[in-house]
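Given the sequences, and given the hints that come with them, work out the whole structure.
Read off the chains here:
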Amino acid sequence: MLEVKNLRKEYAGLTAVQGISFNLHPGDIFGFIGSNGAGKTTTIRMIATLLEPTAGTAILNGADIRRDTMEVRRMIGYMPDFFGLYDDVKVWEYLDFFAAIYRVPTKQRGEVIDSVLELTNLTIKKDAFVQSLSRGMQQRLCLARCLVHDPTLLLLDEPASGLDPRARAELKELIAELGRMGKIVIVSSHILPELADFCNTVGIIERGELLAFGPVSKIVTEMQPHRVLAVQVLGAAADFVGPIADMPNVLSAVAVGEGDLRVEFSGDLEAQADFLAKLVGKGMRVATFREDSADLEDVFLKLTTGALN
Amino acid sequence: MIKEKWLDLVIQNPMLIEITRFRRRYTSASATSSMNGVVVLLCIICYATLLLVVIQNRTSISPIVMIFAQTAFLTVLAPMLLYGSISGERERRSWDLLLVAPITKPQIVVGKFMGAMAALGVAVILFQVPIEIAATSYDRSHWQSVLVADLVSVTFLMCVCALTILFSARVKRSLMALGATLGSLVTILIVFPALVGLGQSGPATDAAFFLHPFVVLSRIGDRDDAISRNGAGTVGPGTSQPDFPSNVPAPWWGWPQTLTYLGLTIVLLAWASNTLNFAENEVKFLPQGHKDA
Ligand SMILES: Nc1ncnc2c1ncn2[C@@H]1O[C@H](COP(=O)(O)OP(=O)(O)OP(=O)(O)O)[C@@H](O)[C@H]1O
Ligand SMILES: [Mg+2]
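First to last, the sequence lines map onto chains Y and P. Numbering-wise (this note's numbering), the first sequence opens with residue 1 and increments by one. Numbering-wise (this note's numbering), the second sequence opens with residue 1 and increments by one.
Hints in this document: simulated from the structure, not taken from any laboratory. Heads up, a few of these hints could be off.
[To be verified] Here chain Y is said to cover these stretches of chain P; the calculated rule only asks that three of the stretch's residues, wherever they fall, bring their Cβ under 8 Å from a Cβ of chain Y: (1) 14 to 24; (2) 254 to 265.
[Claimed, not checked] Straight-line distance between alpha carbons at most 20 Å, and here's what the computed EDC-like set of lysine to aspartate or glutamate pairs gives: (3) K218(Y) <-> D28(Y); (4) K302(Y) <-> E173(Y); (5) K126(Y) <-> D88(Y); (6) K105(P) <-> E258(Y); (7) K105(P) <-> E71(Y); (8) K105(P) <-> E52(Y).
The C-beta atom is built at its ideal place from N, Cα and C for all residues, glycine as well.
As structure tokens, then:
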């Protein structure tokens with residue numbers, strides 16, 4: 001379990017991370033989202049023991065990043081937002097080097113290397129030179145390197161940047177697999193939708209502040225406490241605005257275009273069904289009736305621009 | 001305490017995998033097509049030439065001269081092996097990956113040092129062949145002198161390695177580290193002696209070059225010559241040393257320097273790893289053009 005407690009980092013004249021706290025459990029895949037300069041890398045590097053926090057700490061399975069640094073390092077796999085590959089070695093030699101540094105016993109190294117290559121789908125490149133790999137393969141090799149010592153916590157800083165859609169899909173599948181293996185995975189990104197479908201927890205950071213934390217659905221509800229219902233009727237929508245606005249639970253109703261209405265609704269699903277019945281009862285010819293699920297991108301922009309203003 | 005440090009830094013240091021990395025770098029299949037390949041090829045040619053020269057002139061070449069050659073050659077080679085050891089990792093940005101690993105900075109420094117020493121060790125062993133050929137055929141050589149001279153040579157090379165690592169830890173660019181190391185070696189070994197006037201005023205200035213490896217080697221050679229001419233007693237302590245061209249007593253050449261070099265190596269390595277302690281995360285150590293610089 002990872003407990004991040006009030007983690008804070010100040011640079012001269014600038015607070016990059018303003019005391020953020022959250023907890024993660026084994027199997028959690030945490031999407032860490034923020035725009036450029038929000039403080040994602042700084043937070044990740046603090047948890048990775050590369051940067052000393054100005055205040056606060058993080059505790060991974062009882063080991064404190066400040067006091068039990070070596071113990072924490074043995075448990076984390078850190079993939080920076082750059083490759084940091086050695087170019088004059090072969091793929092397996094590269095992995096062998098890091099396996100040795102992480103004290104994987106010599107006899108087991110071959111086996112470990114084979115299994116991480118298998119997991120990252122690089123088995124055929126085992127004897128290739130690192131510099132001959134494509135960008136996507138190098139990215140996977142970096143991930144393979146993080147896995148040689150079977151870490152408990154994976155810190156992946158923008159692992160999907162620069163990958164084509166297919167490679168992205170493969171990476172997501174791989175990360176989901178790591179979650180199923182019981183690891184805690186922290187993945188940072190600029191884009192919420194990119195992470196929303198495979199992370200079970202997301203956190204939105206802006207200017208060093210954690211604006212929202214929790215399951216994607218919870219964040220979306222938090223951002224939009226009221227449902228927005230999109231109703232398409234046959235006939236002039238404008239004529240119905242008045243009667244609908246007077247109905248119970250309706251906060252507002254606006255006509256958008258010829259036959260479309262957007263209704264802000266505060267009731268539960270029960271009330272929503274009654275509402276539809278009433279519409280039909282009043283003789284409206286309802287063609288479609290659906291909940292306008294909040295656009296993740298909108299949620300993200302709303303949250304972050306809120307912070308900027 | 002010392003035993004713990006020895007275990008931690010040498011016996012159980014996972015960074016000793018650097019030795020394997022050095023070996024792979026110079027023996028892997030791509031070596032023939034890369035820069036390293038050229039270096040290896042050049043070394044082989046030089047080595048073969050050296051062997052031929054020694055075999056042909058074996059009665060007139062002193063083993064000390066061979067050790068002289070070994071020291072000169074490896075003093076240039078050592079910085080080549082090590083200049084990128086830390087600044088190069090920073091440039092490649094693989095440095096962070098070492099820092100997040102469960103190893104200490106002294107372990108990293110010692111690992112890099114041992115890697116280079118293993119490579120130099122191979123070179124030194126190769127050099128022993130011509131040295132031994134010369135030692136067995138040259139009539140004025142004494143095996144103790146050859147041994148001491150070799151120790152002076154090897155410990156001096158250790159110093160050079162440690163110095164290169166120190167520069168590599170302190171500068172931004174690996175080429176700067178190479179320049180700084182070679183520059184300071186040239187200054188210490190050539191420019192400074194030329195300015196002070198080695199050779200002009202003769203033996204009187206010897207004390208000033210007490211730690212100069214080439215002066216030390218020459219004096220060990222001179223001592224051998226003196227012993228051959230006058231017998232073993234003539235250059236011992238308290239004798240008048242008629243044939244020994246130095247104002248520093250003959251027994252002072254060899255062991256004292258070896259020990260000093262060893263001490264200096266340890267100091268330089270400790271300094272290098274301390275440098276890393278404060279260099280961590282410091283923007284000024286990132287290469288220019290880097291996004292955080
Ligand atoms: N070494 C440093 N010295 C001073 N300020 C720094 C340093 N490193 C980062 N910062 C500042 O800290 C803030 C957060 O940076 P950070 O790299 O964590 O952002 P990020 O969320 O990872 O952004 P990106 O998406 O661009 O990677 C930025 O304003 C940055 O300028
Ligand atoms: Mg970043």
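Okay, the hints, checked on the actual structure:
no., hint, result
1, 14 to 24, "holds (count 6)"
2, 254 to 265, "violated (count 0)"
3, K218(Y) <-> D28(Y), "holds, 16 Å"
4, K302(Y) <-> E173(Y), "violated, 29 Å"
5, K126(Y) <-> D88(Y), "holds, 14 Å"
6, K105(P) <-> E258(Y), "violated, 70 Å"
7, K105(P) <-> E71(Y), "holds, 15 Å"
8, K105(P) <-> E52(Y), "holds, 16 Å"
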